[in-house]
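Peer 1: So you can see what is in the structure, the chains are spelled out below.
2 protein chains.
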Amino acid sequence: MVAPRAPGGKEGGRASALQRGLAILLTLGSEEALASDGLGVVRIAELVGREKSQVSRALQTLAEAGFTERDAATRCYRLGWRLFALGARAGDALLLHAAEPVLEDLAACTGETAHLSVLDDIEVLTLLSEVPTAAVQAREWRGRRAPAWCTSSGRALLFDHSLEELERRFAGRDLSGGGPNAARTLRQLHDRVVGDCARGVAVSDEEFEVGLVAVAAPVRNARGAIVAAVNVSAPKFRLSAGLEDAGRHVVAAAASLSAELGHRRTLEAAAR
Amino acid sequence: MVAPRAPGGKEGGRASALQRGLAILLTLGSEEALASDGLGVVRIAELVGREKSQVSRALQTLAEAGFTERDAATRCYRLGWRLFALGARAGDALLLHAAEPVLEDLAACTGETAHLSVLDDIEVLTLLSEVPTAAVQAREWRGRRAPAWCTSSGRALLFDHSLEELERRFAGRDLSGGGPNAARTLRQLHDRVVGDCARGVAVSDEEFEVGLVAVAAPVRNARGAIVAAVNVSAPKFRLSAGLEDAGRHVVAAAASLSAELGHRRTLEAAAR
Numbered sequence: 001m002v003a004p005r006a007p008g009g010k011e012g013g014r015a016s017a018l019q020r021g022l023a024i025l026l027t028l029g030s031e032e033a034l035a036s037d038g039l040g041v042v043r044i045a046e047l048v049g050r051e052k053s054q055v056s057r058a059l060q061t062l063a064e065a066g067f068t069e070r071d072a073a074t075r076c077y078r079l080g081w082r083l084f085a086l087g088a089r090a091g092d093a094l095l096l097h098a099a100e101p102v103l104e105d106l107a108a109c110t111g112e113t114a115h116l117s118v119l120d121d122i123e124v125l126t127l128l129s130e131v132p133t134a135a136v137q138a139r140e141w142r143g144r145r146a147p148a149w150c151t152s153s154g155r156a157l158l159f160d161h162s163l164e165e166l167e168r169r170f171a172g173r174d175l176s177g178g179g180p181n182a183a184r185t186l187r188q189l190h191d192r193v194v195g196d197c198a199r200g201v202a203v204s205d206e207e208f209e210v211g212l213v214a215v216a217a218p219v220r221n222a223r224g225a226i227v228a229a230v231n232v233s234a235p236k237f238r239l240s241a242g243l244e245d246a247g248r249h250v251v252a253a254a255a256s257l258s259a260e261l262g263h264r265r266t267l268e269a270a271a272r
Numbered sequence: 001m002v003a004p005r006a007p008g009g010k011e012g013g014r015a016s017a018l019q020r021g022l023a024i025l026l027t028l029g030s031e032e033a034l035a036s037d038g039l040g041v042v043r044i045a046e047l048v049g050r051e052k053s054q055v056s057r058a059l060q061t062l063a064e065a066g067f068t069e070r071d072a073a074t075r076c077y078r079l080g081w082r083l084f085a086l087g088a089r090a091g092d093a094l095l096l097h098a099a100e101p102v103l104e105d106l107a108a109c110t111g112e113t114a115h116l117s118v119l120d121d122i123e124v125l126t127l128l129s130e131v132p133t134a135a136v137q138a139r140e141w142r143g144r145r146a147p148a149w150c151t152s153s154g155r156a157l158l159f160d161h162s163l164e165e166l167e168r169r170f171a172g173r174d175l176s177g178g179g180p181n182a183a184r185t186l187r188q189l190h191d192r193v194v195g196d197c198a199r200g201v202a203v204s205d206e207e208f209e210v211g212l213v214a215v216a217a218p219v220r221n222a223r224g225a226i227v228a229a230v231n232v233s234a235p236k237f238r239l240s241a242g243l244e245d246a247g248r249h250v251v252a253a254a255a256s257l258s259a260e261l262g263h264r265r266t267l268e269a270a271a272r
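Read top to bottom, the protein sequences are chains V and G.
Letter 111 of the first sequence, counting from 1, is numbered 111 in the numbering used here, and no numbers are missing.
Letter 264 of the second sequence, counting from 1, is numbered 264 in the numbering used here, and no numbers are missing.
Read the hints as simulated data drawn from the structure, not as lab findings.
By construction, the Cβ of each residue, glycine as well, lies at the ideal position given by its N, Cα and C atoms.
A hint or two may mislead.
[Unchecked claim] Computed footprint of chain G on chain V; a stretch qualifies when at least three of its residues, placed anywhere within it, have a C-beta under 8 Å from a C-beta of chain G:
#, segment
1, 26 to 40
2, 64 to 72
[As the list claims (entries may be wrong)] One-sided and incomplete, this derived list gives chain G residues near chain V with beta-carbon spacing under 8 Å:
#, residue
3, Leu26
4, Ala88
5, Gly91
[Stated by the list, open to error] Here are the computed distance ranges between Cβ atoms for each label pair:
#, chain 1, residue 1, chain 2, residue 2, range
6, G, Arg199, V, Ala241, 56 to 62 Å
7, V, Pro101, G, Arg168, 42 to 48 Å
8, V, Asp71, G, Ala73, 41 to 47 Å
9, G, Arg168, V, Asp37, 27 to 33 Å
The following block holds chain V by itself, in its conformation from the complex:
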């Protein structure tokens, strides 16, 4: 799991007030902040690498705008309701609208958790998750990140990348980490992408983590561009026998979602 990158400072580390504010918001959305239900000014200043006084001023502006709120008891800052409401209005409404029932069906027929994700720089950002039974809540998956080069959804999102495009996207980035079967070089990654494309589905077998398998397929818009990926992941002992079946369901789900976005070809290909 890669930490969310804060917007970098320009001109040798001098970040603007806006960049500092955005970095604070991202920090308040981090696993650490969620786990402890908010962060104090001192800890936030540490995490964003800024003076406490600068952070205090930014937090005041953010709180006035309703983007953050302060717990009366703990004095810790959290992301506020106005940010929640704004977030619900972000992203591609058509995609999110269409994806919910498709993911529900996918989770029901595979019996495993289904995800919708997008490419964010060199990471995969989970937008929606559906668990097979309504008993378990999957909200904690939303907003999670995973590396794109060693996950099935990441590879599905890179289906259209040539080796040169992969080199541009991953230039200077570290490909270490991941599970035992992760690609170690961009050439290896590209070879796998080519193989995935031929099958129409990306399969990850312990590439992200020991004991984890996953299948993913890309979602395309009316212009044919890949805008998201649909995937199912599960412990290997449970899904490995049913992986091919799951793959077919994932491809069908991605095709039906693509069709709803106005894409024509995928559905025909899936029907062949």
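Dock chain G against chain V, hints included.
Peer 2: Below, chain G alone, put in the same frame as chain V:
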């Protein structure tokens, strides 16, 4: 419907770079931006009342941080996926987690749309909506705002406000507008709140809009503080006969949600 207030400039209108950035984000979450699937720089500059060059710089910073994205075809800016992901991590996770099934049940047993909302200054901000059948999508309600003084959910959120507290909250604010039966003064509003409290449910009969009725009840946390409201609203011709029933369901839903947040008393009161 009141437009989302942009964070105000301080020191006689001089807004900081962070305030401008937040104002741009709120503008990109406005009804106008959603309806036209993004806004161009010129229109954003108009709406936030800033120079185009300032707005361009801020948009670049926001885009670099993934908070906004630019449509390749229309050149318009939209809220980005990173903001979507961040928004999903904002607010009270326990409340949202607990509210979804409660709202679903409420929508199913009343046959009308059920909402969860919080108080945001003098407005009611809708966090979640559930429609009675899965066929209709209610996403467009999320993030919507309505005045607190002439809606049932607004009054439920004001249950604990004394007349003095109402005066502090609404100081200098305009109470005109609303439906034919809206409260016109803070004393009227307070009288209604006192009556609502005695019944345990806030009823709005054409206070917000002609032809619209609604019932709401407050959700309390473990410390007894009102943190949200649950409500059901519908056209008068459809709900008016069943309003008392709907009120009982709303009170029960709010009580069960309060109980999940650790509140003890409401459930006992509802059982009486």
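Peer 1: For every hint, state whether the structure bears it out.
Peer 2: Against the structure, the hints come out as follows:
no. : hint                             : verdict
1   : 26 to 40                         : holds (count 3)
2   : 64 to 72                         : holds (count 4)
3   : Leu26                            : holds, 7 Å
4   : Ala88                            : holds, 4 Å
5   : Gly91                            : holds, 4 Å
6   : G/Arg199 to V/Ala241: 56 to 62 Å : holds, 59 Å
7   : V/Pro101 to G/Arg168: 42 to 48 Å : holds, 46 Å
8   : V/Asp71 to G/Ala73: 41 to 47 Å   : holds, 44 Å
9   : G/Arg168 to V/Asp37: 27 to 33 Å  : holds, 28 Å
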